[in-house]
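J.: One letter stands for each residue in the lines below.
Number of protein chains: 2
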Amino acid sequence: MKHISIIGVGLIGGSFALDLKSHFPGVYISGIDQNDAHLKEALKLGIIDQTGDLASVSSAELVLIALPVNTAINVLIQVLDLIPNQAIVIDMGSTKQAICEAVAAHPKRANFLATHPIAGTEFSGPSAALKGLFKNKTNIICELNQTSTVLAGKAIALFETMGMHIRYMKAIDHDKHIAYVSHLSHISSFMLGKTVIDKEKNESNIFDMAGSGFESTVRLAKSSPAMWTPIFEQNKENVIETLNEYIQNLNQFKAYIENDDFDAVYSEMKNTNHIKKILKGIA
Amino acid sequence: MKHISIIGVGLIGGSFALDLKSHFPGVYISGIDQNDAHLKEALKLGIIDQTGDLASVSSAELVLIALPVNTAINVLIQVLDLIPNQAIVIDMGSTKQAICEAVAAHPKRANFLATHPIAGTEFSGPSAALKGLFKNKTNIICELNQTSTVLAGKAIALFETMGMHIRYMKAIDHDKHIAYVSHLSHISSFMLGKTVIDKEKNESNIFDMAGSGFESTVRLAKSSPAMWTPIFEQNKENVIETLNEYIQNLNQFKAYIENDDFDAVYSEMKNTNHIKKILKGIA
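Chains as they are written, first to last, in the UniProt record's numbering: chain A, 1 to 283; chain B, 1 to 283.
None of these hints come from the bench; they were simulated from the model. Treat the hints with care, as some may be off.
Pairs count within a copy or across copies, as identical chains cannot be separated in the list.
When the alpha-carbon atoms are kept at most 27 Å apart in a straight line, the in silico DSS-like pairs for lysine-lysine are as follows [said to hold, decoys possible]:
id, residue 1, residue 2
1, Lys21, Lys280
2, Lys176, Lys21
3, Lys201, Lys170
4, Lys276, Lys137
5, Lys131, Lys280
6, Lys276, Lys21
7, Lys131, Lys254
8, Lys254, Lys199
9, Lys108, Lys44
10, Lys170, Lys44
11, Lys201, Lys276
12, Lys280, Lys201
13, Lys44, Lys154
14, Lys201, Lys254
15, Lys199, Lys108
16, Lys154, Lys236
17, Lys280, Lys199
18, Lys199, Lys154
19, Lys277, Lys2
20, Lys44, Lys2
Please put together the full structure from these sequences, using the hints given.
T.: This is how it looks when you write it as structure tokens:
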């Protein structure tokens, strides 16, 4: 691969660029981003080799789209219209159903691979990019059978070079599972942060007591609203379902406490300790 | 100090013993614990020098109580009955009002110091003990004016030697603040774990997707039910209040999504990002 376009030079796009440069020293990376400051920063940090506009994808072999999920759909359609026949376009957004539906009938559908690498931090922008971010992380590929076998094979080889483990899912299944495991975690964390901030007028209390579990549980509440709002919008039905179940479980737990049923409180926690076994192997 | 008794040789008691030994090589530590396996383990790990029974506190200069908060109250009363006049008894439980009330009229009340070091991990038992656990952590001391000035001074000097930052609070205030910052974090995390486990029959999905924020948000759901059940019982009123506010915030957030009010969804998250500033300085 020689000319690669990365659209969205933030945490994901920037980290992908760093890994590309590390594994394939010959690549030449154009960065495309609506945010000029991010582009300049990415150039300065050596993440990209030049800045470009959307039209420049017409000479790219690989185009990576790493944008908020609402923007990604429109950009993907434009990119598919512009790219050469042998190029592959990969998106890495956190929802997969809407984007797969939007290009289902596009003449260049076979040039597109829908992926979701389960990697990231609560930070964003080019300065958050990390070499090796994708190592030992899961990358979920959706609707593989809609992508050209040759192009998908190239992309998968690339992901494996970066150390990713590949899983395959239908887009509809991906969005359902990820709502539980990831989207709900973010909302529970944001609302935990809100509840504590609203109540604690004395911020030094929060700071002083944060070591007691709060700091790690609220970590995701530092995440970017610009990234997360369109995720919740696109995955609205699944997110509402997970929230209903979460709120129901919280109400049940509260009722046990209210009714002094501390055997049930104990059992609920004991059963949930099973998460230790499930997560074994994750640091 | 020469003879120190540590009642409860788990994460907190064990870590305190390790720090004592590191800063005061001459100390001799008796470990007291209902769990014989923990006692043997603590002895083998060099956390304690001998095992003892409750009666052995009659020759101790300092007694540390690091037990589940329900057990701690009864043990504290027995210990105060047994100790010499110049000994100090420190408890380190996560609730402070019930224990302070229980000994308010005890003839040796002045020998007791109520503390809560904001330190710990989701693990428990002697093998979870860590040297330096308390370094740079906050230790909240409650009802200081009820403790002998000389004995409190000794204890505070000890905490400072271990690198703790001291804060003073009324027991009633401690329990209110800690319900928000710590107890609510634990419940939100336990119920997140429960919701995901209940829904995801395929545990490999949880494992594969856990890197997307779930793993850190659910960390506290690995915590010990034996430790946490009595905390929620003793701090029942405050915990219910925090749960009501948390559930209300979650319902509000869900309503914004249901009503397609994504400007409000964005604002809620943007405002909560303020937690970044509050936690600045915490790794």
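J.: The structure should be examined with respect to each hint, and the outcome stated for every one.
T.: Now for the hints, and whether the structure bears them out:
1. Lys21 x Lys280: neither (32 Å within a copy, 33 Å between copies)
2. Lys176 x Lys21: neither (34 Å within a copy, 52 Å between copies)
3. Lys201 x Lys170: between (46 Å within a copy, 17 Å between copies)
4. Lys276 x Lys137: both (19 Å within a copy, 26 Å between copies)
5. Lys131 x Lys280: The answer is both: 25 Å in one copy and 24 Å across copies each meet 27 Å.
6. Lys276 x Lys21: neither (37 Å within a copy, 32 Å between copies)
7. Lys131 x Lys254: Classified as neither; 44 Å inside a copy, 36 Å across copies.
8. Lys254 x Lys199: Classified as both: same-chain Cα gap 19 Å, cross-chain 20 Å, threshold 27 Å.
9. Lys108 x Lys44: Neither, since 34 Å and 67 Å both go past 27 Å.
10. Lys170 x Lys44: neither (39 Å within a copy, 53 Å between copies)
11. Lys201 x Lys276: between (35 Å within a copy, 16 Å between copies)
12. Lys280 x Lys201: Between. Shortest inter-copy distance 17 Å satisfies the 27 Å Cα cut-off; intra-copy 38 Å does not.
13. Lys44 x Lys154: neither (29 Å within a copy, 55 Å between copies)
14. Lys201 x Lys254: both (25 Å within a copy, 25 Å between copies)
15. Lys199 x Lys108: neither (53 Å within a copy, 37 Å between copies)
16. Lys154 x Lys236: For Lys154 and Lys236, the Cα distance exceeds 27 Å both inside one copy (33 Å) and across copies (58 Å).
17. Lys280 x Lys199: Cα proximity of Lys280 and Lys199: across copies only (19 Å, versus 35 Å in one copy).
18. Lys199 x Lys154: neither (52 Å within a copy, 35 Å between copies)
19. Lys277 x Lys2: neither (44 Å within a copy, 42 Å between copies)
20. Lys44 x Lys2: within (21 Å within a copy, 60 Å between copies)
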